[in-house]
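Novice: For this one, chain A is given, so just place chains B and C with the ligands on it according to the hints.
Protein chains in written order, with numbering that gives the first Met the number 0: chain A, 0 to 740; chain B, 0 to 421; chain C, 0 to 157.
These are calculated hints, taken from the structure and not from any lab test. There could be a bad hint or two in this list.
[Said to hold, decoys possible] SDA-like, lysine to any residue: derived pairs with alpha carbons at most 25 Å apart:
#, chain 1, residue 1, chain 2, residue 2
1, A, Lys679, B, Gly380
2, A, Lys679, B, Arg371
3, A, Lys735, B, Arg247
4, C, Lys53, A, Arg677
5, C, Lys53, A, Ala208
6, A, Lys679, C, Gln128
7, A, Lys78, C, Met90
8, C, Lys87, A, Ala208
9, A, Lys679, C, Leu150
10, A, Lys735, B, Glu276
11, A, Lys679, B, Gln53
12, B, Lys42, B, Gly91
13, B, Lys143, A, Ser583
14, C, Lys87, A, Pro93
15, A, Lys735, B, Pro275
16, A, Lys735, B, Pro277
17, A, Lys679, B, Arg68
18, B, Lys143, C, Thr119
19, C, Lys87, A, Ser684
20, C, Lys53, A, Phe678
21, A, Lys679, C, Lys53
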Amino acid sequence: MSVGAPSRRDALAGGALVVAFSMTGHARAQEARGPQKTVPPALPGSLKTTPWLDAWIRVDVTGQITVFTGKAELGQGIKTALIQIAAEELDVPPQSLRLITADTGQTPNEGFTAGSHSMQDSGTAILNAAANVRMILGQAAARRLGVAADLLATTGEGRFKAPDGRLAGYGELAAGLSLHVEAQPNAPLRSRQGGKLMGQDYPRVDIPAKVTGGQAYVQDLRLPGMLHARVVRGPSFGTELTGPDFAAAQAMPGVVAVARNGRFAAVIAEREWTAVQALQRLQQAAWRRTAPPLPEGRPEAGLSGASQDQVIFDKPGGAGGAKTVKARYSRPWLMHAAVGPSCAVALLRNGQMTVWTHSQGVYPLRGALAQLLRMPPDKVRCIHVEGSGCYGHNGADDVAADAALAALAVPGRPVRMQWMREQEHGWEPLGCVQVGEAEASLDASGRIAHFRYEVWSHSHNGRPMTAGGLVAGAEVDPPFPPQVPRPIPMPEGGGDRNAIPIYAVPAGRVVSHFVRDAPLRASALRSLGAHLNIFAIECFMDELAKAAGADPVAFRLAHLDDPRARDVVSRCAEAFGWAARRPSDGRRGAGFAFARYKNLASYCAVALEVEVEHETGAVKVGRVTAAVDAGEAVNPNGLQNQIEGGIVQALSWAGLEAVGFDAAHRTSFDWSAYPIARFKDVPRSVAVQVIDRPGLPFLGAGEASQGPASAALANAVADACGARIRDLPLSPERVKGAIGV
Amino acid sequence: MSLGWKTPAPPAAALALALAACTGGARLPPPPPQTFSAAEIEKGAELAKLADCQGCHTADGGQAFAGGRPLKSPFGTIYTRNITPDPSTGLGRYSREAFVRALRRGVRFDGAELYPAMPYDHFAYADDADLGALYAYLMTRRPKDRPPTPNELIPPANIRGAVAIWKALFFHPGRFQPTPGQSAEFNRGAYLVQSLGHCGACHTPHNILDAEETKKPLQGGVQEGWYAPPLNALSPASVPWTPERVYRFLRTGFDRDHSAAAGPMGSVVRELARAPEPDVRALSVYLATLMQPASAAKGRAAPADHAAQAAAAQPAGAALYAGACAACHDAGAAMMREGRPPLQFATPPQEDRPTDVIQVILQGVQPATGPRGPYMPAFAGTLSDGQVAAIAAYVRARYSDRPPWKDLTSAVAKGRRQGGQG
Amino acid sequence: MSFVLTINGRDHPVDASPETPLLYVLRDDLRLNGAKFGCGLGQCGACTVQVDGKAAYACLLPVAAAAGRRIRTVEGLGTAEAPSPLQKAFMVEQAAQCGYCIAGMIMRAQALLDATPRPTEAEIRAHMQPNLCRCGTHMRILRAIRRAAGLPVEAASA
Ligand code: FES
Ligand code: FES
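Pulled out of the complex, with its shape left as it was, chain A reads as follows (with noise of 0.2 Å):
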């Protein structure tokens, strides 16, 4: 195997590697490289912007290998993946490996592990990172034995052999070498040449511990001397609480501490359960509205205000077509609603706070904490420790302020804060309400003439850069102004994601309205406005088959050049066998959607049984088939996985739920006002085909099924009944209003 690169062998021999370590941000053009140096190729995935090994990877002189992640594991198992990654180009067992995740003392500043980026960022990163080392301790085993490093084998187990049998071992190797250096672009890459591990369906390295009631979560952190603490609010995001007894939580025995700044309070206590009574009791204030009323009747009614309008799809021509259709679509604001209500552990101890964290983004934390402590951001850790599930930006970032200011009151002890359940539905910020219009015409063979689509949206990222953008900046005296939402600009997008279709259209337009002030807090939630552009664009395009006297899937791939794209379409048509379906009988029928995610990551494919019950409008699903194609799969049975949860997920969204609100507050306070999907239901199964493109880049998938899972259900709906609903959840109300008798 060959392990050299002869620019690498160079600057070892020039000894021009020792830069100043640095794991925030890196500035290519400032690097002293020395006459060497020309124009680097663009380093892959998160290497970009970290370019330093050991930043990436450390070896001890024992041979523990260490790799290092800005991302986190949300559980949508990074960790796993991430291994097999790394423990496939060093060529070790992967239990042999230690995997530090997102924290600012320690790893790369990945900024946030969202938009199923972890793959295509981290992934590469630690790819391409781990053939470096080996590539490096290959030169240095080469040098020690006296071989041409092409000669060299790597055993397995952390060791380089020679033909003559001869070994080093890594960790010898590594004791005589910096890995301070910059990762070369083109390190050879082991996963190439037929991997073991990569692939293959290695088992989570978390699993175990979460079904044995292992310490798995931040949740389960117990600090020596740690008190317990509970933030005091109104019901939802936009109240206060008006004059809460103080004094009477104060009083209460086994309470330590009040902890208040400006308007915002929490209570310290030696037993949580004390906190949780004394929480109950501050709460018996009576609350009020400080934001404007929340807007009443429709839930798109916050959308008719002021919006920046642009044009992201323009292709002049090929108007007049033989026939037009023209729809309009909605989706409700959504929760992310974890199961586990958002926690942190904050101490301040000799002038440092440390947080144990569930944020999606440790390094963006840190500095928004440091404003609103007025610390400075070195003295300031946030690490991040696994939570509940977070779909997105959820009360972890949140929680994670509150605890450290609560923190400061009590400082040299550790404060574990969590939210009480109505906390986490009442002021977790929002995936945000959306309204798209499609219309087109088709010619007269029935293809697509010409397309346009508009997409009104809030912000979907509202994620605290400031401290302006978490709850307690506003709370805290003298407050910090909030954060202005802005839009997220194409190519991957925030409201307007997969708003261009991926249908081959001669003519269109495209037009995504951004409508900055929105009523209720608005933020990421799993694909973003991907989920309402897919479901819109997915379900036009069966109104638009219909129209054209065409089957959805036909037409869909009449429409479709991508051979990827086209590929995912066939090969979940087969394995749900769409050709051979029974035909709706007025009550049972199928739905087909398709999506590539953000049109340039991975590609889904979703199609599904249901069965109407005429009486109530219930709409049951049965089988559900999906096809994916995220690149390499580094782990099949985790790919699968996501697709899966994302179905389950989509369905419960786009079935049942929508948060409700009056003027003064949310009204969706518990999972009795919030219902999401329980095991009755939920679809008889699921299966995902996964098709694997091994050395294609990975693409991420975590948020890959939320769009066409929707869609498909709305399909499906349609083809079993004739009700084609428009507006999302599909309630049984909305069904049989649809349906009639």
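Specialist: Same frame as chain A, now just chains B and C with the ligands:
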């Protein structure tokens, strides 16, 4: 009573009817769906909701109207029948006449007696057109081949012929009489309550042979282990019922000045939520009028909350309540901020018997109208009889001004048996 | 007040006010991680443990009512090294995403299997109805339960 209640026909006539019924088998091929007009089917759909046909005739998770739901009675368990138009296991071969006869007189197509779990003593008061519309609706449902689940009855109830004797004793239907001088809405409500709505099937006391005590209409009865409180001057509600509050309750299963629909009332509300608004308004006007005297008497007293006295009197119950109930029911709980009624507004703690407090603790509350709505977990599996009794005693002491309930622990044991929580 | 709790076959003296929900005692005093706080309202099942063999919400069970009863938590089934058959089935099926709900799921499912070793699909779903999973791991949880019950792992129609 004079508020549009039924005027009994002479027993002899009923007996004659019952006997006549034994002679005419009327099994015919099912009528084709085109027989019925859309308007008639639609009317039938509305009436089926007012009668909650689906609630009784649908097994948990089963196809609508295909039957199989267990109904507990003092004589064992009856499983409701398939009323889809399936020819062999459902209504498929009922002619319109046979169907009307079944609802009016409690006689199967083949002349066999129907158990009075089917409230034909109420349906007898429905007019022909309404029964015909119900027929049209049911005969256009999706047929389901679902054979009957055998009943589990004790003798002599397990002999169908015994029903004839029962009928001779207790089944004396008359005709609905509107109350002169009352509004059309009131009389519509009275008609529905007495006929298809069959409110008395639960809310009227039953004698030991499980027949309604027609002399005490709507004075409160027991059904499936729950107590259906009086809907007249005896109403124990701590806040007066108004037509608007009754309407809200019937429509949503919940009124913020009372409590949530639980037990068998849940499925009634699920259907009423989708029934025509004027009919539910009519029900509300009629029922609120019946309860008016109780409301007039209550109006003044503030609902009770004797927290300190109750804690002193029932310390064990108080501690259990604080850990098991207070997270939802005490001041400062999220539910209390969100318009769920505090317990002093709920009717069960005011009732003469502890039945409903016990059942609601044992069985909890499921949202009535869909997945969204008031919910309470069931404690049958986790709390012992003594613990449930202690909580009930505390709730009574804290949230009512009425005397303590007696023999609570045995009442809980009995409640478990009746509610199927054994 | 002091109580003796019988947890996973061992007696544990604890000191807590009588109303304290069992959940807090398990987590904070006895340092057991399995039962989780999800709602404190008996709505989600994250806190599910077994009391005298029945699945129970630990968040709504006062410690005074728990004393003297047989309490079983997920820690009492098996360990990562020696998992119980049901835990093993969850591992084989990779039945977790975030996993926050899983300990509760296992305890509720175990109560079903103890009473009904070969449940039907409808029985499984009805029994599991109280427990929520937001990650959408339901299909795998169902597979794991079927596997542990020795039933065909693929869904029969419900
Ligand atoms: S935490 Fe106990 S049921 Fe949710
Ligand atoms: S696995 Fe995340 S909540 Fe169930």
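Novice: Indicate, hint by hint, whether the structure satisfies it.
Specialist: Hint-by-hint comparison with the structure:
As the CA atoms of lysine 679 of chain A and glycine 380 of chain B are separated by approximately 21 Å, the hinted pair is consistent with the 25 Å bound. For the hint linking lysine 679 of chain A to arginine 371 of chain B, the alpha-carbon distance of about 15 Å falls within 25 Å, and the restraint holds. With a C-alpha separation of about 21 Å, the suggested pairing of lysine 735 of chain A with arginine 247 of chain B holds against the 25 Å cut-off. Under the criterion of a C-alpha separation no larger than 25 Å, the hint pairing lysine 53 of chain C with arginine 677 of chain A is consistent with the structure, at around 20 Å.
Pair hint lysine 53 of chain C plus alanine 208 of chain A holds up; C-alpha atoms about 24 Å apart against a cutoff of 25 Å. Between lysine 679 of chain A and glutamine 128 of chain C the alpha-carbon distance is near 7 Å, which keeps this suggested pair within the 25 Å criterion. Under the criterion of a C-alpha separation no larger than 25 Å, the hint pairing lysine 78 of chain A with methionine 90 of chain C is consistent with the structure, at around 16 Å. Taking the CA atoms of lysine 87 of chain C and alanine 208 of chain A, the gap is about 12 Å. The hint holds against a cut of 25 Å.
Between lysine 679 of chain A and leucine 150 of chain C the CA atoms are separated by roughly 19 Å; this keeps the pair inside 25 Å, and the hint holds. This hinted pair checks out: lysine 735 of chain A and glutamate 276 of chain B have alpha carbons roughly 16 Å apart, not beyond 25 Å. Between lysine 679 of chain A and glutamine 53 of chain B, the direct Cα distance comes to roughly 19 Å. Compliance with the 25 Å bound is thereby established for this hinted pair. Between lysine 42 of chain B and glycine 91 of chain B, the direct Cα distance comes to roughly 20 Å. Compliance with the 25 Å bound is thereby established for this hinted pair.
A threshold of 25 Å between alpha carbons decides the hint, and for lysine 143 of chain B with serine 583 of chain A the separation of about 18 Å falls inside it, so the pair holds. Among the hinted pairs, lysine 87 of chain C with proline 93 of chain A is consistent with the structure: their alpha-carbon atoms are about 21 Å apart, no more than 25 Å. At roughly 14 Å between alpha-carbon atoms, lysine 735 of chain A and proline 275 of chain B fall within 25 Å of each other, so this suggested pair holds. A distance of roughly 20 Å separates the Cα atoms of lysine 735 of chain A and proline 277 of chain B; the hinted pair therefore holds under the 25 Å criterion.
At most 25 Å may separate the alpha-carbon atoms for a hinted pair to count; lysine 679 of chain A and arginine 68 of chain B meet this at roughly 18 Å. Distance check on the hinted pair: lysine 143 of chain B and threonine 119 of chain C sit about 21 Å apart at the alpha-carbon level, within 25 Å; holds. A distance of roughly 21 Å separates the Cα atoms of lysine 87 of chain C and serine 684 of chain A; the hinted pair therefore holds under the 25 Å criterion. The straight-line distance between the Cα atoms of lysine 53 of chain C and phenylalanine 678 of chain A is roughly 19 Å, inside the 25 Å bound, and the hint therefore holds.
This hinted pair checks out: lysine 679 of chain A and lysine 53 of chain C have alpha carbons roughly 21 Å apart, not beyond 25 Å.
The structure is consistent with each of the numbered hints, conforming to all of them.
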